[in-house]
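Colleague: Given next are the chains, with one letter for each unit.
Number of protein chains: 2
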Amino acid sequence: MTKIVIIGGVAGGASAAARARRLSEEAQILMFERGPFVSFANCGLPYHIGGEITERSKLLLQTPESFLARFNVDVRVMSEVTHIDRQEKTVTIKNLTDGSEYQESYDFLLLSPGASPVIPPIEGINNPLTHSLRNIPDMDKILETIATNRPDHATVVGGGFIGLEMVEAFHRLGIPTTLLEMADQVMTPVDREMAGFAHAEIRNQGIDLRLGTALKSVQYAPTTSIASENSGEDEVHQHIQGELTLTLSNDEQLTTELLIMAIGVRPEIKLAQEAGLQIGALGGIVTNPAMQTSDPSIYAVGDAVEEQDFVTGKPTIVPLAGPANRQGRMAADNMLGRNETYQGTQGTAICKIFDLAVASTGKNEKQLQRDGIAYEKVYVHTASHASYYPGAEIVSFKMLFDPQSGKIFGAQAVGKDGIDKRIDVMAVAQRAGMTVEQLQHLELTYAPPYGSAKDVINQAAFVATNLIKGDAVAIHYDEIDNLSEDQILLDVRNPGELKNGYLEGAVNIPVDQLRQRMNELPKDKEIIIYCQVGLRGNVAYRQLVNNGYKARNLLGGYRTYMFANK
Amino acid sequence: MTKIVIIGGVAGGASAAARARRLSEEAQILMFERGPFVSFANCGLPYHIGGEITERSKLLLQTPESFLARFNVDVRVMSEVTHIDRQEKTVTIKNLTDGSEYQESYDFLLLSPGASPVIPPIEGINNPLTHSLRNIPDMDKILETIATNRPDHATVVGGGFIGLEMVEAFHRLGIPTTLLEMADQVMTPVDREMAGFAHAEIRNQGIDLRLGTALKSVQYAPTTSIASENSGEDEVHQHIQGELTLTLSNDEQLTTELLIMAIGVRPEIKLAQEAGLQIGALGGIVTNPAMQTSDPSIYAVGDAVEEQDFVTGKPTIVPLAGPANRQGRMAADNMLGRNETYQGTQGTAICKIFDLAVASTGKNEKQLQRDGIAYEKVYVHTASHASYYPGAEIVSFKMLFDPQSGKIFGAQAVGKDGIDKRIDVMAVAQRAGMTVEQLQHLELTYAPPYGSAKDVINQAAFVATNLIKGDAVAIHYDEIDNLSEDQILLDVRNPGELKNGYLEGAVNIPVDQLRQRMNELPKDKEIIIYCQVGLRGNVAYRQLVNNGYKARNLLGGYRTYMFANK
Numbered sequence: 001m002t003k004i005v006i007i008g009g010v011a012g013g014a015s016a017a018a019r020a021r022r023l024s025e026e027a028q029i030l031m032f033e034r035g036p037f038v039s040f041a042n043c044g045l046p047y048h049i050g051g052e053i054t055e056r057s058k059l060l061l062q063t064p065e066s067f068l069a070r071f072n073v074d075v076r077v078m079s080e081v082t083h084i085d086r087q088e089k090t091v092t093i094k095n096l097t098d099g100s101e102y103q104e105s106y107d108f109l110l111l112s113p114g115a116s117p118v119i120p121p122i123e124g125i126n127n128p129l130t131h132s133l134r135n136i137p138d139m140d141k142i143l144e145t146i147a148t149n150r151p152d153h154a155t156v157v158g159g160g161f162i163g164l165e166m167v168e169a170f171h172r173l174g175i176p177t178t179l180l181e182m183a184d185q186v187m188t189p190v191d192r193e194m195a196g197f198a199h200a201e202i203r204n205q206g207i208d209l210r211l212g213t214a215l216k217s218v219q220y221a222p223t224t225s226i227a228s229e230n231s232g233e234d235e236v237h238q239h240i241q242g243e244l245t246l247t248l249s250n251d252e253q254l255t256t257e258l259l260i261m262a263i264g265v266r267p268e269i270k271l272a273q274e275a276g277l278q279i280g281a282l283g284g285i286v287t288n289p290a291m292q293t294s295d296p297s298i299y300a301v302g303d304a305v306e307e308q309d310f311v312t313g314k315p316t317i318v319p320l321a322g323p324a325n326r327q328g329r330m331a332a333d334n335m336l337g338r339n340e341t342y343q344g345t346q347g348t349a350i351c352k353i354f355d356l357a358v359a360s361t362g363k364n365e366k367q368l369q370r371d372g373i374a375y376e377k378v379y380v381h382t383a384s385h386a387s388y389y390p391g392a393e394i395v396s397f398k399m400l401f402d403p404q405s406g407k408i409f410g411a412q413a414v415g416k417d418g419i420d421k422r423i424d425v426m427a428v429a430q431r432a433g434m435t436v437e438q439l440q441h442l443e444l445t446y447a448p449p450y451g452s453a454k455d456v457i458n459q460a461a462f463v464a465t466n467l468i469k470g471d472a473v474a475i476h477y478d479e480i481d482n483l484s485e486d487q488i489l490l491d492v493r494n495p496g497e498l499k500n501g502y503l504e505g506a507v508n509i510p511v512d513q514l515r516q517r518m519n520e521l522p523k524d525k526e527i528i529i530y531c532q533v534g535l536r537g538n539v540a541y542r543q544l545v546n547n548g549y550k551a552r553n554l555l556g557g558y559r560t561y562m563f564a565n566k
Numbered sequence: 001m002t003k004i005v006i007i008g009g010v011a012g013g014a015s016a017a018a019r020a021r022r023l024s025e026e027a028q029i030l031m032f033e034r035g036p037f038v039s040f041a042n043c044g045l046p047y048h049i050g051g052e053i054t055e056r057s058k059l060l061l062q063t064p065e066s067f068l069a070r071f072n073v074d075v076r077v078m079s080e081v082t083h084i085d086r087q088e089k090t091v092t093i094k095n096l097t098d099g100s101e102y103q104e105s106y107d108f109l110l111l112s113p114g115a116s117p118v119i120p121p122i123e124g125i126n127n128p129l130t131h132s133l134r135n136i137p138d139m140d141k142i143l144e145t146i147a148t149n150r151p152d153h154a155t156v157v158g159g160g161f162i163g164l165e166m167v168e169a170f171h172r173l174g175i176p177t178t179l180l181e182m183a184d185q186v187m188t189p190v191d192r193e194m195a196g197f198a199h200a201e202i203r204n205q206g207i208d209l210r211l212g213t214a215l216k217s218v219q220y221a222p223t224t225s226i227a228s229e230n231s232g233e234d235e236v237h238q239h240i241q242g243e244l245t246l247t248l249s250n251d252e253q254l255t256t257e258l259l260i261m262a263i264g265v266r267p268e269i270k271l272a273q274e275a276g277l278q279i280g281a282l283g284g285i286v287t288n289p290a291m292q293t294s295d296p297s298i299y300a301v302g303d304a305v306e307e308q309d310f311v312t313g314k315p316t317i318v319p320l321a322g323p324a325n326r327q328g329r330m331a332a333d334n335m336l337g338r339n340e341t342y343q344g345t346q347g348t349a350i351c352k353i354f355d356l357a358v359a360s361t362g363k364n365e366k367q368l369q370r371d372g373i374a375y376e377k378v379y380v381h382t383a384s385h386a387s388y389y390p391g392a393e394i395v396s397f398k399m400l401f402d403p404q405s406g407k408i409f410g411a412q413a414v415g416k417d418g419i420d421k422r423i424d425v426m427a428v429a430q431r432a433g434m435t436v437e438q439l440q441h442l443e444l445t446y447a448p449p450y451g452s453a454k455d456v457i458n459q460a461a462f463v464a465t466n467l468i469k470g471d472a473v474a475i476h477y478d479e480i481d482n483l484s485e486d487q488i489l490l491d492v493r494n495p496g497e498l499k500n501g502y503l504e505g506a507v508n509i510p511v512d513q514l515r516q517r518m519n520e521l522p523k524d525k526e527i528i529i530y531c532q533v534g535l536r537g538n539v540a541y542r543q544l545v546n547n548g549y550k551a552r553n554l555l556g557g558y559r560t561y562m563f564a565n566k
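Residue numbers (the UniProt record's numbering), protein chains in the order written: chain A, 1 to 566; chain B, 1 to 566.
Source of the hints: derived by calculation from the structure; they are not laboratory data. There's no promise every hint is true.
The list makes no distinction among identical chains, and a pair is therefore deemed to hold if it is satisfied within one copy or across any two copies.
[What the hints assert, rightly or not] The calculated DSS-like cross-link candidates involving lysine-lysine, where the alpha carbons are at most 27 Å apart (straight line), are:
hint	residue 1	residue 2
1	K499	K58
2	K416	K366
3	K523	K550
4	K525	K366
5	K523	K94
Just so it is clear, the structure is predicted and the values come from calculations on it, not from any experiment.
Sequences and hints are given; from them, build the entire structure.
Modeller: See below:
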């Protein structure tokens, strides 16, 4: 009889437990969880705070009782595994309710400890109005602080998934909110110019977004001293009413009444490290494609592990629920004699930012540059479905690829409709090893309410293939401000479109007049063409080069340039 | 200088014209269109009739003037090409406005004539209250009939895309509607049991849906004789007020005031046939992967052609806008010296049926059976996004695959949210040659508003892989009514769920009690397990077989069985 011990009862651990039981009735399966809940919907926590998910109980997907009844898994909550003895193949468990300790043996051990919020050692950060959000008790504390302190202002530090979701939650609750982000952009999975769409949306919603701004210190001023034990106060932190004075990296000060630290997470590796398991350079538990650690009896999955990056083959840490769930299932397979291999992580991700979705898969430009990989990129802005049918929204799409082979490196999309779909298509195409040329042939669903006869992805593939075949020569938004004397700007939009902005010094000849007015342009200069999104620019480009001009077309047009500066 | 003549100015023809000009400034490009409009949004016509697209002008994407200005294409509307002289490489054009005829030479000819509605020779069908819908004039006539006859009842014959869209249009206008369909299902791209969801939705909306019912004859009774030349009346058909008495195949009679014939379309091959071009067994113009006809100077694209089926490699006719557009672009490439090959048609399609989307890609079960291809299938019903986040809807999903290799044959999905996305994912995966086992590893966008950590597609892949690996043995909905004495039915749902229906004779043991009550089940019979959607059934299946029972699980559960009978 195989005895499987699982440490951590959320995504990866819970998936492994259920799968293991489906494979074997005989296996003994124990699952230890340090916190009071297993298998809760951690991705849903911000939405309960914001009130979109009204019932807290909906976040509790399983209980120890339901796991026992359905899967005959012995689930022990409030049970922290404090030590692994690899020689004896035992773990020591501390019962956090009564303080007692005991041991359990294992044949296979699964580590699914997750990751914990990074709290930097900022002066004054340890106060009762400052929270991070990882689990149900964290959520309850935030809700209690909101109820008790009735904040007139909240501050979120960190513009990643949780930070952005918390900003939206506070906005829904009518609490004016400041978002501090040390980098020059939110949502690091996408590149800076794509994040510009998010910045515009966040500011449009009235959020005080401060980029390039870090938190330097916190001063806490309690206003009363009524204790609230329900919200986790203790003798040291008994006040959850009061205000905080934040000092920022630019030495400005900001008064706030609720502070959320969401600058990132760090793998929980203490137990693995103490047990002498190999820890990688990125700070995660090293795993092989079978999800085994350096000890073949110990598997590890989820936010705590380093796995293989799908694109580069190098180690990566991607703390997301999808990989955690699939890895858990696979670890169970392998513990019970199957031979499954994890196929690498693309890092496919999406975040709702008010009405906008921001999503990506594969590598972004920053990563490709860091890794010294040669790439080309295209931008397309086009309707999420037939533009003549109500409800169409612009999909702003970026695709990165190998300029020689056409291999897909990554894709990013932002917009109000159909964003998840386009990135899913790209995630599948990338995983399947397709080239951008092959994407031209994709046959996607089309009816006016759902798509276009030539989908966003087809269009991006046409543009990319034009570049590869030499049918187009691109210029990008970040080159526009550094043009030489030998280049001139040509705006081929209609004059009426220029009132919303144009590039200084551009000549305006609408594309439909270009054939007649081409002689107004010099043949000895390179003509830098742009339109609103790049489509008419391409028509103009083809006219000009077919008539012997030198030209380039600004991919993504004025729209990409404009939002890159948001 | 290459002279390109294009016959037909909508999807394929217009795409070819624009692409040809982008490739060459020198080419002379002429486009002839028999009707008064080019490049109109034919997929949008039903939505303008129904009022969702309020402005008729939105359907007119391009005009001859805009084509000339942007692409220097000589567009001639109301110009019917009546003859092709392949030896001389000329076409004869009849100007439908003044009746004059003239000739034009060509270096390359592109046929993009489309398909025309099939109107069977039904007695009385030729009357002013009966219409089909292919183009703007057809749409205008229907609108005129509605305005003039103010129908209290409309009848649509044919439950394909246009028929279903017209039913919805009439419903939006408040006109009670009957839908007659000769087959036992609407939407033939999906299989009968998946169409059941559409049948339920159509009937829920109050539509009088009659399956297995054909139109036998029509009797027209005019009520006035006021002529309306605007609506296309002439001396013979001058009445658009009155009513029709329909006699149906079951000899029932039905009174209606507007009749739409939408039983299908037939390739327009008259011109090609008279020119001696090869016509295929399916009745379309034969093309090679370069989109060339049997005459290398003549290309053909769109609804009129036979192209290669992506899955079977056999000729197929798929009259959809996506393939037409891509083929047009590619034909232009090849006429101008490129070497592009069309990669086959999967037939990816989607239709909005009231709140439901019904979509498919690849081959369906009927086609696989007809072609004698061995297949397996799985059904999954699961939430379109995290079920704890508001707005989740059930995605009902069917996947067909090779039971040996796992190669994807096709997929179908029905539901109110996320249907286009799932079929797009499957269309890409199929085109890339992925197996169902590889689909387990797909890393799709996940955040609670958009998806689940284990997406519908991952789940379907798990089920399929379980079948391939022998971890599950399936029974399907259509075998349930023919169980033998050696099989017994086990319902593993909670007793409360049975009030909405159950299978006669089933024993009810909730899955969470099964381990305790397993001894109530016989070991000498095969236990046919079912739950609501198949998931708990699989848990029960694994328990039973791991304890030495013989069992099968009903894939898709009671839900598939129930809707198969709608």
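Colleague: Each hint should be assessed against the structure and marked as holding or not.
Modeller: Against the structure, the hints:
Only between protomers do K499 and K58 lie at most 27 Å apart by alpha-carbon distance; the minimum there is 24 Å, versus 49 Å within a single protomer. Taking the shortest Cα distances, K416 and K366 sit within 27 Å of each other inside one copy (25 Å), while across copies they are farther apart (38 Å). For a Cα distance limit of 27 Å, the shortest separation of K523 from K550 inside one copy, 7 Å, qualifies, whereas the shortest one across copies, 81 Å, does not. Within a single copy, K525 and K366 get their C-alpha atoms no closer than 32 Å, and across copies no closer than 62 Å, so neither meets the 27 Å cut-off.
In this assembly of identical chains, the alpha carbons of K523 and K94 never lie at most 27 Å apart, being 79 Å within a copy and 43 Å across copies at closest.
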